[in-house]
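Q: As they're listed, the protein sequences go chains D and R.
For what it's worth, this note's numbering labels the leading residue of the first sequence as 86, then goes sequentially.
For what it's worth, this note's numbering labels the leading residue of the second sequence as 1128, then goes sequentially.
Worth flagging that the hints you see were computed from the coordinates, not collected in a lab.
Note that beta-carbon positions come from the ideal geometry of N, C-alpha and C, so glycine has one too.
Mixed in with the good hints, there may be bad ones.
[To be verified] Cut-off 30 Å, straight-line C-alpha distance, at most; resulting in silico cross-link-like pairs (DSS-like, lysine-lysine):
1. R:K1457 to D:K204
2. R:K1222 to D:K204
3. D:K204 to R:K1557
4. R:K1557 to D:K250
5. D:K242 to R:K1457
6. D:K210 to R:K1222
7. D:K210 to R:K1557
8. R:K1557 to D:K335
9. D:K242 to D:K229
10. D:K229 to R:K1315
11. R:K1557 to D:K117
12. R:K1222 to D:K128
13. D:K128 to R:K1457
14. R:K1315 to R:K1222
[What the hints assert, rightly or not] Covered stretches of chain D, going by a simulated chain R footprint (3 or more residues, C-beta under 8 Å):
15. 155-167
16. 203-214
17. 218-227
18. 308-322
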Amino acid sequence: MEDRPATTVEQPAGPKETGDAAPAGLGELKMKATDVNLWYGDKQALYDVNLDIFGQSVTSLIGPSGCGKSTFIRCLNRMNDVIDICRVQGDIRLDGEDIYAPDVDPVQLRARVGMVFQKPNPFPKSIYENVAYAPRLHGLCASKADMDEVVETSLIKAGLWEEVKDRLDQPGTGLSGGQQQRLCIARAISVNPEVLLMDEPCSALDPIATATIETLIDELKENLCIAIVTHSMQQAARVSQRTAFFHLGKLVEVNDTSTIFTNPSDQRTQDYVTGRFG
Amino acid sequence: MTDQTASLASFKGEDAQKKLRKRHRAERRFRMYGMAAIIFAVAFLIFLFGSIFSQGWSAFLQTSIKLPVDFSQEVINPSGNPADEEELFRANYVKLAREALYGQLGIDPKDRKVRRDANRLLSRGVDVQLRDMVLRDPSIIGTTQDVWLLASDNADALLKGSIDRATPSDRRQVSDQQIGWIDQLVDKGDMKKRFNTGLFVNGASSNPETAGLGVALIGSLFMMITVVLLAVPLGVCTALYLEEYAPKGKISDTIEVNINNLAAVPSIVFGLLGLAMFINFFGLPRSASLVGGLVLTLMTLPTIIITTRAAIRAVPPSIREAALGVGASKMQLIGHHILPLSLPGILTGTIIGLVQALGETAPLLMIGMVAFVVDYPSSPLDPATGLPVQIYMWAASAERGFVERTAGATMVLLAFLIVMNSLAVYLRNKFERKW
Ligand SMILES: Nc1ncnc2c1ncn2[C@@H]1O[C@H](COP(=O)(O)OP(=O)(O)OP(=O)(O)O)[C@@H](O)[C@H]1O
Ligand SMILES: [Mg+2]
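Taking the hints into account, I'd like the entire structure generated from these sequences.
A: Structure, rendered in structure tokens:
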């Protein structure tokens, strides 16, 4: 880890955040993206994105469709690596380590930076196997008893334990949409990641299931750093402490959620959060 | 604009009704076309099966005559040493069979003309039949045993009704006297149609009554084993590499186009390739089922590759993301998710490829598997034939017995194909997953 002075003195004002110290109420700096540019083939999808993500808090990414939110969030655990035509430039650090360094294995990275996807995507296996899969993959559990415990705590943290504890051997695909999404969250947190990325985790769910997941996010952030992409301004306002607004592949503005929604400094942000476009 | 709204404004309007009737008629017509096509196809299928079945069922029965054969020591083993296989092998078994027949029919063995007529009731294969009995168990020498001996092709045809008794005797292949004997034997229950095990165990023969599919079945089995062992791993690995690892670009496009083209190459071309490569270049023996299997492997590979790729592509991308998202490596992704999920598709594709290979004839002709093979091949390097090739060879013979055997062998082949296809359907339904 690089040794950086913990100073806030030369922090420039404006949309670009370059300082390392956390604003009040947030944990320490967890991930830092600097000048990220990204191309799909010849088409550039991200332009000079600079974004800091802090621990013990939720950062929400908002913006009109196609502006590059998913693209950016997928850079944070190198999920874009599997897309042949995708090329990333810039610097992204997790706890000060460059995650695109040649000696970093994306497989290890993804154990530290988990991801929950838009559509619930449990494996066509039992509920137990869904949660146990990742710990087994990374060899985290020595015994069956250990594994049982990991599965149980993950499901408890995901708020699903009470509903499924009697049918752990039944297929995960047989659960309701909301339950499936919570199962996916349990699966993602089963290896104790430091960062959890969520790409529109509630867009396929009804309001009640959404509320459950939002409560869950609120609890999870106590010892996790969460970045969430959402199309719902209310959701961003409810769950996140910081909000980043993307537009046409550029990060327009990032600030405290309350500031973004009440007093944004950019006209485009203003227009978007008041519903004038997007 | 107003016109249109006016006509749609009411369900009952004359205009709307007319349009509706017209549309309903069109839909009914459309359905009729489909049904007509299906009826047409089914009718052909019924006709095909009907004609093959009506011709071929009799091949599964074969007429035999029960005779008390005296395995006389002097004829079989005059030296008295049962260990002398050479002597046992060369003995005049036909004589034993004929004498038993004369005794049974009460014929005077001095009358040569009558004797010759009687001889024609027995198959030319009886000597092999008796010889095999003696070689299997030499202790029967010197005893008299009741043996069911094969009747000749003509006698068989008479019993199966394909020789008409009403034909004038000078144009009939069975004389009046022979008919008399046959009736006499049938009445006593000493001559009847029995299940034709020889059809499944015998090798090639120029007498239809002793010709069987044994060699062809073993040859086909060897070839199928070769295909499964080679084509499945090769095809699945190729498909996996192309789908999961190969960088998309000119090269992979070219490979894809070529594989699709290979699937459409006429099978005889594969036969020529096999002849040039495996036999002329690598020096593998002609007519060997190994070479047949290799050629069929080449032919089946594109099918397996294409179906496997389709099955892999059908695995939802969300499962891929899920696995990668929790930190599965590429190999783990493939081993834990992609392969298990695409297995039903791969199995179905493999079986369909095997079915194609099993029914393939042309390439086998090119590599010399159209051969007269009497003995069972003991290894894939021995000469053998295959089921479809055997059908092809029998179809070229004019004897009545071969005609019915051609249809009978076709029934056997069809039975294999239907069983394998049903297996494919069963596996697909059994392992089909719902997401
Ligand atoms: N795999 C891909 N190949 C090529 N272009 C892509 C790919 N994925 C995304 N893009 C392009 O990159 C741009 C950003 O897409 P992205 O999915 O990040 O948008 P988004 O902000 O997540 O939109 P949404 O809110 O609709 O999910 C879009 O113009 C899209 O067309
Ligand atoms: Mg998106």
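Q: Against this structure, judge whether each hint is valid.
A: Evaluated hints:
1. R:K1457 to D:K204: holds, 22 Å
2. R:K1222 to D:K204: It is violated: about 85 Å lies between the C-alpha atoms, which goes past 30 Å.
3. D:K204 to R:K1557: Holds. K204 (chain D) to K1557 (chain R) sits at ~27 Å (cutoff 30 Å).
4. R:K1557 to D:K250: holds, 28 Å
5. D:K242 to R:K1457: Holds, because 29 Å separates the two Cα atoms, which is no more than 30 Å.
6. D:K210 to R:K1222: Distance of about 73 Å is beyond 30 Å: violated.
7. D:K210 to R:K1557: Satisfied, since the Cα-Cα distance of roughly 16 Å is no more than 30 Å.
8. R:K1557 to D:K335: violated, 50 Å
9. D:K242 to D:K229: Roughly 20 Å separates the two Cα atoms, so the pair holds.
10. D:K229 to R:K1315: violated, 76 Å
11. R:K1557 to D:K117: Violated, at about 49 Å.
12. R:K1222 to D:K128: Violated, because 93 Å separates the two Cα atoms, which is more than 30 Å.
13. D:K128 to R:K1457: Distance of about 27 Å is within 30 Å: holds.
14. R:K1315 to R:K1222: Between K1315 (chain R) and K1222 (chain R) the Cα gap is close to 23 Å, so the pair holds against 30 Å.
15. 155-167: holds (count 3)
16. 203-214: The restraint on the region 203-214 of chain D holds, since 5 of its residues have a Cβ under 8 Å from chain R and three suffice.
17. 218-227: holds (count 4)
18. 308-322: Coverage by chain R is violated for the region 308-322 of chain D (0 residues, Cβ < 8 Å).
Figure legend: structure checked against the earlier numbered hints; hints not met, in rising order: 2, 6, 8, 10, 11, 12, 18.
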